[in-house]
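S.K.: Those protein sequences? They're chains A and B, same order as listed.
The numbering of the first sequence is the working numbering, which starts it at 24 and goes up by one.
The numbering of the second sequence is the working numbering, which starts it at 38 and goes up by one.
In case anyone wonders, no lab produced these hints; they're calculated from the structure.
Check before you lean on any hint, since a few could be wrong.
[Unchecked claim] Label-pair ranges, simulated between beta-carbon atoms:
1. L163/A - K129/B: 43 to 53 Å
2. G50/B - I67/A: 54 to 64 Å
3. P120/A - D308/B: 23 to 33 Å
4. S134/B - F52/A: 12 to 22 Å
5. D308/B - I215/A: 32 to 42 Å
6. P41/B - L59/A: 52 to 62 Å
7. D308/B - E79/A: 48 to 58 Å
8. A56/A - P163/B: 12 to 22 Å
9. A63/A - D308/B: 32 to 42 Å
10. E206/B - L294/A: 32 to 42 Å
11. T200/B - I60/A: 23 to 33 Å
12. K40/B - G44/A: 51 to 61 Å
13. W153/A - Q219/B: 56 to 66 Å
14. R223/B - W153/A: 47 to 57 Å
From the three backbone atoms N, C-alpha and C, an ideal C-beta is built for every residue, glycine too.
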Amino acid sequence: MAAIPSTAFRWREPGVLPGFGLSLGFTVFYLSAIVLIPLAALLIRPWELGWVGFWEAVTAPRVLASLKLSFGGAAIAALNAVFGLIVAWALVRYRFPFKRLVDALVDLPFALPTAVAGIALSTLYAPNGWLGAPLAAWGLKVAYTPLGVVVALVFIGLPFVVRTLQPVISELGAEAEEAAATLGASRAQTLIRVVFPALAPALLTGTALAFARAVGEYGSVIFIAGNLPMVSEIAPLLIVIKLEQFDYAGAAAIGVVMLAASFLIILALNLVQSLLATRR
Amino acid sequence: MRKPTEDGPIVRGVCVALTIGFVVLFLVMPLLTVFSQALDKGVEAALDALTNPDSLSAIWLTLIVAAIAVPLNLLFGVSAAWAIAKHDFRGKSLLVSLVDLPFSVSPVIAGLIYVLIFGMQGWLGPWLREHDVQIIFALPGLVLATIFVTFPFVARELIPLMTDQGRDEEEAAISLGASGLQTFFRVTLPNIKWGLLYGVLLCNARAMGEFGAVSVVSGHIRGQTNTMPLHVEVLYNDYQFVGAFAVASLLALLAIVTLVLKSLLEWRFADEIAAAHRH
Chain A
24 MAAIPSTAFR WREPGVLPGF GLSLGFTVFY LSAIVLIPLA ALLIRPWELG WVGFWEAVTA
84 PRVLASLKLS FGGAAIAALN AVFGLIVAWA LVRYRFPFKR LVDALVDLPF ALPTAVAGIA
144 LSTLYAPNGW LGAPLAAWGL KVAYTPLGVV VALVFIGLPF VVRTLQPVIS ELGAEAEEAA
204 ATLGASRAQT LIRVVFPALA PALLTGTALA FARAVGEYGS VIFIAGNLPM VSEIAPLLIV
264 IKLEQFDYAG AAAIGVVMLA ASFLIILALN LVQSLLATRR
Chain B
38 MRKPTEDGPI VRGVCVALTI GFVVLFLVMP LLTVFSQALD KGVEAALDAL TNPDSLSAIW
98 LTLIVAAIAV PLNLLFGVSA AWAIAKHDFR GKSLLVSLVD LPFSVSPVIA GLIYVLIFGM
158 QGWLGPWLRE HDVQIIFALP GLVLATIFVT FPFVARELIP LMTDQGRDEE EAAISLGASG
218 LQTFFRVTLP NIKWGLLYGV LLCNARAMGE FGAVSVVSGH IRGQTNTMPL HVEVLYNDYQ
278 FVGAFAVASL LALLAIVTLV LKSLLEWRFA DEIAAAHRH
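If we strip away everything but chain B, and leave its shape as in the complex, we get (with noise of 0.2 Å):
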């Protein structure tokens, strides 16, 4: 006899029989979709498409500027962190919320304000436009854009982690004559290192697959200002699917490998990282 409570067997059968349809509906087929498509015409037209000179830029593009944004975040994470978790002052809350701010604005505001800023017609558009700066349609653009959107990725993932841990360690290191720099090096990142991994891993697969918010400030300049996202996007509105599909399988692997190292991490270093998660 089964428990008073347990579900019965009906219930339990549905829920699992709707939980399973609805990840093959709305996961594994479109995921599915990408693959197959990108194969459609064999597997050397795929590669073909992936080598051209124009997707091979947009890979590249793609590295650089997740190459810049993801330090950046990862810098401003670990500062904010060590001001918000290992001090006390006025208006901490407010810091916190601020900076979780740009997860609640849609990626296409997040171009628009640099465009409003820095575009042709912005506030600094026509000193820039004087000076010869490009920023709008060109790799700054890019960039900015990129920081805005994975902002919090690693900020939110330490700031937590951190106030968890408190500040014994870090004292006692102080007061046995320490530097800073030495009690950061030696007794802050070794306590909170796959917590700083789990969110450069979130921030970077954002910020290479980021579609939105570079759309609004790249000016779509084949083999120069398209990251692969983009690419995906031009290629697909020229009616050239196997190209598309080819470059959107290279994001959806990325996404997968994502995928597991984010399981992998939260299996095996589970309290290590589980500040975050516990709430």
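Next comes chain A alone, as it looks inside the complex (with noise of 0.2 Å):
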């Protein structure tokens, strides 16, 4: 590694300090064995249905259904976008009692597993739960349908944007806040024409990051929505129902079309920031 002659294309460049060799053949290593080959064998393996035969597996009715839920669910739960400005603001900006335990309860969805808040979450908005029979009550039904699937994201959401935008808000300073109020703009005409447009892009990032974990999100989701085919069923869902029925190629076509239109979506907010970004 060291005798590369200088004449070469150099791709390193020199530094005293050791092991370099060592520790970027060894990263390499483990992380195409653990996930760039795994994944090249799911972008590969669909096109032994042919074209066509990708083609009709994933526009199928009941795979279409799905991953209509799945990406429209996860739409709708971008409303976390509005609660969790709401949140990150009051946390920052005001005081209140509490205000420590209720930042650190912000991350519980990270921490919490998947399938506990699943059932957690069922049992709380079933007919008979405690959310549930009030809510039924108004002739609302939220478990089993697909409004159980956006109250379950809206769930796995809220930290995301929470988490990004606080250290934008509390870095904020008050400066440009008195400037505008010097200059005889009212509190509402600062928050919409100062403080909105800094927090923008961080809003932005924050919703991508919900969206994207949504879309795929699993555990938290079945056991809320009912899983009844073209109603309430997912799309990582219908992987799973695939593969337990030996269509490798057709659970791979689904895998290949969500991590294809979450990677576009993620593109497509990137691009909308960096347009942000220079127009500032």
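Starting from the two chains in their separate frames, assemble the complex, guided by the hints.
M.R.: Pasting the structure below:
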């Protein structure tokens, strides 16, 4: 490794610290063995169906319905942008009782195993549950409907938005707001014209992270969803069902579509973000 | 009179009320549900459900899987951070984004990719069956899937931290004649120990609680390939709610302990782990 002649193409800047070959070698090996090669298997597998077979596998009505629910549910759960903004703002700017506790609790969806969240939400929102019963009296069914899927996705998405916004809000500083107030802006004008634009990129990032997580979410959703084919069956569950029927190529086809779609969405959001950044 | 940069009492009150309401509805009540359902038939019933052989074997299996997956990802995290933070080479930013890749992959897909390789009809399936090696529906599959979903935790904590700390101290140690290992253990490790612990804490919580990925590769053989989260599912689908929530409350306790330790680390050692949370 160290004997690369100086005239050769240099892909490593020389340094005095040892262990470069060993650490990079192990890193690349481990990354390839665990992540890259298995993901390549996913990308290659569906094509044994041929183009036509692949197209038929991913446009079957049941598959389309499940993809629509996974992406649609995640899009509605992007409502977290509003809740998350309020929670993050309150946690940084205001003082209120139990603030420390509330702040720590925001991470609960990260720490609580998804299966536990799933059975808890399902019990809570079931027609005889603590929240399900009053809602049922209002004629609103949550558990075992697509609405239940959204509730679970809001639960797991919240910390992404709050934790992305918090550091940005605390670094905002009072100067810009003071300047706006000095120049005669009302508080509402300041919030909308000065504060919000400064928070928009972080808000977008947090929401995108929550969305990406929600599209692929499995554990917290399957218990509350009811899993009725065509109605409340999410795409990851359909992958599991196809695997149980030994339809590997069909399962891989759904997996490829999910991966491709979420990467495209993240890419698009990154583009929007760089546009926002250059405009300011 | 309030300052012009402060929100009015009404805005303030509404925001705080919404925050507390949201946290209670979406976070506190699910947590309370877990414990209240577990104790629905009394403490003894919950303890019975926890100490029956299937539950005990699920607890044991969860500990084994985490005990293999977490150290391997720790080793990877340290090695990746050493290569990336302490050296300059082409393709570094690509490597950094590839390390984060598993976070944007659905857990079910994380399990699926190993079935596609090692499963009955996978690439290596026939060969593995001939040689009587079981990976899917057995411990190696559970470990692989768990490693995948917890892959970035330690690395993504250490890479920004070690990049921020720079190379001066290590370069000084080397030029004074210390060996590479001495430099790492005497200079680097003391600097990164709290960040390392932080990463391991989060990695472990996810490893013990992972459901989707291991569910695909486990085969749900009771007493053999059921980890705790999978055991929760089996019991719940059997309508054994006390048992399901008893095991679930053990996992919820793990989550609470993790959050307490995490808050403690963030509060006590803010500067030494802050790198990852500053941006």
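S.K.: Which hints, by number, does the structure contradict?
M.R.: none
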